[in-house]
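Peer 1: Chains as they are written, first to last, in our numbering: chain A, -8 to 73; chain B, -8 to 73; chain C, 231 to 459; chain D, -7 to 726.
Hints are computed from structural coordinates only; laboratory data are not their basis. Don't take each hint at face value.
To be verified - Pairs of lysine-lysine residues, derived as BS3-like cross-links and limited to a Cα-Cα distance of at most 25 Å, are as follows:
no., chain 1, residue 1, chain 2, residue 2
1, D, 50, A, 51
2, B, 1, B, 51
3, A, 31, A, 1
4, C, 339, B, 31
5, A, 31, B, 1
6, C, 265, B, 51
7, C, 339, B, 1
8, D, 131, A, 1
9, B, 1, B, 31
10, A, 51, B, 1
11, C, 265, D, 325
12, D, 325, D, 50
13, A, 31, D, 131
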Amino acid sequence: MQVIVNISLKEGVLDPQGQAIARSLNDLGFQEVGEIRVGKRIVIEVNEPNRARLHQRVAKMCETLLSNAVIEDYDIDIPDGQ
Amino acid sequence: MQVIVNISLKEGVLDPQGQAIARSLNDLGFQEVGEIRVGKRIVIEVNEPNRARLHQRVAKMCETLLSNAVIEDYDIDIPDGQ
Amino acid sequence: MRIAILIFPGSNCDRDMMVAIEKLTGRRPSLVWHKESCLDPIDLAIIPGGFSFGDYLRCGALAARSPVIDAVLDHAARGGAVMGVCNGFQILLETRLLPGVLVKNAGLKYICRNITMDVCETVDSPFTRNLEVGARLTMPVAHNEGNYFAGEDELARLNDNGQIAFRYVDGPAHGLANPNGSSLDIAGIISANGRVMGMMPHPERAISPELGGSDGAKLLQGCLEALVS
Amino acid sequence: MSEPEMTLDNAASMGLSADEWKLILKRLERTPNLCELGIFSAMWSEHCSYKSSKKWLKTLPVDGPMVIDGPGENAGAVDIGDGLAAIFKIESHNHPSYIEPYQGAATGVGGILRDVFTMGARPVALLNALRFGAADHEKTRHLLGGVVSGIGGYGNCIGIPTVGGEVNFDASYNGNVLVNAMAVGLTHSDRIFRSAATGPGNPIIYVGAKTGRDGIHGATMASAEFSDETESKRPTVQVGDPFTGKLLMEACLELMGSDSVLSIQDMGAAGLTSSSVEMASKGGLGMEIDLDLVPTREEEMSAYELMLSESQERMLMVIKPDATRRAREIFDKWNLDFMPIGRVTETGRLVLLKDGATACDIPIKPLVDDAPEYDRPQAKFVSYPIVESRAITSDAPISSILLQLLKTFDLASRRWIYEQYDSQVMADTLQGPGGDAGLIRVHGSQRGLAMSTDCTPRYVEADPHNGGAQAVAEAYRNICAVGARPLAITNNLNFGNPEKPEIMTQMAQSVIGMGEAALALNTPVVSGNVSLYNETDGQAIRPCPVVGMVGVINDIATAVGIAPTASGQTLLVIGQDEDCNDGWLGASLYARHIAGEPLAAPPPVSLEAERKTGEFLQSQIGAGTIIAAHDVSDGGLVVAIAEMCMAAGLGATIISPNGGNAHGWAFGEDQGRYVIATDDAGVVTNAAKTADVNICLLGVISATDELKFDDGDAISISKLISSAEATIPALMNG
Ligand SMILES: Nc1ncnc2c1ncn2[C@@H]1O[C@H](COP(=O)(O)OP(=O)(O)O)[C@@H](O)[C@H]1O
Ligand SMILES: [Mg+2]
């Protein structure tokens, strides 16, 4: 099964990368661009047929390794029809 | 409007970071984990009410700056109901 | 010899490059701020190392879209010579003046150490003309993203056309020769017409024996002499 | 919306005691509001007020002919000749680094760099001192990896070389890592900027990044003990932005070159609070600030939040009224916020406006002058016993012990760490990490600056007084070993909870020892930092008063490294007498790894001998008789010899001592010694005799791959190298 984990900076945490990209887009003439936040999108192949258990295991991966709870949030997306 | 741009590595392009994460997860006892690919998830506030034009402008941003066509693909997601 | 060094807000090897060029030529190169949109007539444009715009998004990506780069593209289109070192190499790839990309080091870590590289046989180019093929040069690398990547076909083309200028060889006792996992051990490449060169190692940091050796001076001197003659 | 009236409970939750609360009521003659209480709590926190350490810090020697600015300014300043000043300071970021190692370490580097360029100096070098838990502790790998890449992430991007540092691993740091960062800068001695506000009516300018809700109450967090709860409380940590840091550095230095700045202060711990209060109090003036003008990146920030935010990359300045336009242009060029937010007043009060009303109106003097100062009780210290080396040693061959020691985390190669730091940017690095002191050229001259950070916590624990002195002596030796003249020090006092008498003893006694050594070695203390409450669940760290020392060398051409250059060069040890055949193993690494670390007194330090030996070495290096030098520290004589051979890729033949205790001789950590390589053994030996400095022949460098003792015991240098190089990578990649 393929699982997608989105890691994003918690609200209020400074995102210097997002700021720099937004400024650059503005400079390039994309005046309509406001705030930008950059996160990670991790696509994981997981061999676990049981969806409930799959979700639970991936959540564990997020807490142990994939995200840093001090500054990041994660969300898990298990596309249907796999 | 909020637009989400997902940038992922093209197939065939090596992803050392994804490999390293997969290895760490395996070491941590997540044996069910197979391949991992890491991409970027960019959330952009754009001031453009017209959805068609919005899509077109964001595509332009991707081509000009946000993605590098040599190794990356992008996809644009404009959540409904905004 | 008219040389311009481009400066982005996060450049941090601009002074080092200026000092090296001044030491070798006796003349101070002109320094050009990234917001300038044209260049005075020059023989060589140098894009120095650093973190041009914080290296956010992709190294060199934001810099490659700044006004001064348009001027560099014009200069290159007229056959002008361009050299990019480290972040400058990354920027040149983002402008597509050179093919391929530089991705994260295979070890996923920043690496600062002395490397040894061989001068390769290339198309005629001021950047290699005065260097002996097979000469070994030692100088530092210092980067996070120096892992050169291109498709198989592109790599074959670079190799067959003589566009690979420098290759990592002969590692130190405690590490591999290739510090970053670069395809074909590539440390630097040149354009098909020989006029644009990008390299990861820092010649400007090796211009005197007490400071990291003088192979960098040898390399730069060779280029500068080829460009005037 | 009216806010609830503040009570003792509120004060207590901000870390203030009942007495401190009472004093606030008395000084204000009313109850403070939330913002005012927050300001008092931050200013009176351990971190800002030094309330437990001040009494002891006052005992340190801070004067000397070379001192331009001692403690009190953002960083210390010393005269290095040619009209130039070296400006330096060390600072801790321990707690944030434990919570978020990458950002904690990165913002530690950013913070110390701001302290240096606030004084008008361009930073030219970075160092660090790190302590992690036991290598096999579950968190160590994550913390080490994150801290190292955070240090590199900031320093590499901003473009300042990291040229040295030190790292230890010990179980006492399992729940409390130490991350101390030091920065060194250079400027003209007549162009130093200070923080005292001047000229009532002058504009107060906010520059740099926007303010968010980052790290609110970081200063109080840094002043509180950790517990399991802290980890789940997860305070917002600051996120660093080295790119903005670079812009701010360039913009400030450019502005300072234009005769516009009257006073300037970075916003570090307790952000706008401590910067405004310090500037006003030093100038004996007041300040009026309109908080609605502060550039923010988050909505609806309260006065309390604005005053206590620790968002990074911000500065406060007082500039000449007619310089505003020029200053704004410079900050526009660097894409940074530039905002006049208030003015200097004569009232002596800090007045803050928010939403058109007065959010705070308090006298500044008590915030600083009445900050509590405690003479906390000490416990009577029972020194660890002196243990004879005979009681510790085994009869294994020296070579096998050497191999075993070089593989330990205490002695293994630090390459995995320091190769992640750009040690050469600015193109003035003569010696980066891997030698004794880092050495950089003063740009455009023949002069060099040498620098080192040092502390041996196990010595400090066994004997705080001696351990404090030893930290200075070891730093001194590292500077002398490259041929430089030690000038002055900065220090970072890392201890547990000072409310415990035994911790107070560690701090007080080690500061006394440090002061004695600084005085004897003529290296006054010009800046420093204190980090207390380094405890987790009541378990204190091993005491770690880190010394950062800076020295100067007049001609860099004379400097030496640790690597001999050719076979046939003679190895001598300076500071050791000819018939030495034993050594001090108490509290040594040998005792730790081979003998189970018995409680034992550390080797004594003779300051007089240190100075004589150090000066002798400097003069010989200056005279060109010495090819390589290395101080003898952790692991003792044979480890020092092996490190020199490994650096050179050459072997050596060593004369074994007669009788005595071979392991004591080989691995004893007796102080005040250097191993040198020379082609002029006779000249150096005679000079030593004349100078009344002990010297002893050790052997000769050989073109083999073997470190050989003349009793036949031998080991391959390449094997030592591969073993010492493997330890940290094996942990990190394993
Ligand atoms: N955390 C670190 N950062 C940078 N350099 C380091 C670090 N730890 C150790 N080093 C470098 O490794 C070398 C050996 O360190 P150490 O054994 O502590 O030296 P010494 O005993 O002379 O103080 C020194 O050059 C030191 O600068
Ligand atoms: Mg040393």
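Peer 1: Holds or violated: residue 265 of chain C and residue 325 of chain D, Cα atoms, limit 25 Å.
Peer 2: holds, 10 Å
Peer 1: Would the hint linking residue 265 of chain C and residue 51 of chain B be met if the CA-CA limit is 25 Å?
Peer 2: holds, 23 Å
Peer 1: What's the verdict on residue 1 of chain B and residue 31 of chain B, does the C-alpha distance respect the 25 Å limit or exceed it?
Peer 2: Distance of about 13 Å is within 25 Å: holds.
Peer 1: Are the Cα atoms of residue 339 of chain C and residue 1 of chain B separated by 25 Å or less?
Peer 2: holds, 22 Å
Peer 1: Checking one constraint from the list: CA of residue 31 of chain A to CA of residue 1 of chain A, max 25 Å. Satisfied?
Peer 2: Distance of about 13 Å is within 25 Å: holds.
Peer 1: Is residue 31 of chain A within 25 Å of residue 131 of chain D, Cα to Cα?
Peer 2: holds, 24 Å
Peer 1: Checking one constraint from the list: CA of residue 50 of chain D to CA of residue 51 of chain A, max 25 Å. Satisfied?
Peer 2: Outside the cut-off at roughly 51 Å; violated.
Peer 1: Given the hint that residue 325 of chain D pairs with residue 50 of chain D, test it: the Cα-Cα distance must not exceed 25 Å.
Peer 2: violated, 43 Å
Peer 1: Does residue 1 of chain B lie within 25 Å of residue 51 of chain A when you go C-alpha to C-alpha?
Peer 2: violated, 28 Å
Peer 1: Sort out whether residue 1 of chain A lies within 25 Å of residue 131 of chain D, counting only the CA atoms.
Peer 2: holds, 23 Å
Peer 1: Is the Cα-Cα distance between residue 31 of chain A and residue 1 of chain B 25 Å or less?
Peer 2: holds, 16 Å
Peer 1: For a C-alpha distance cap of 25 Å, please report whether residue 1 of chain B and residue 51 of chain B respect it.
Peer 2: Measuring from Cα to Cα gives roughly 19 Å; hence the hint holds.
The structure does not agree with the numbered hints 1, 10 and 12 stated previously, though it agrees with the rest.
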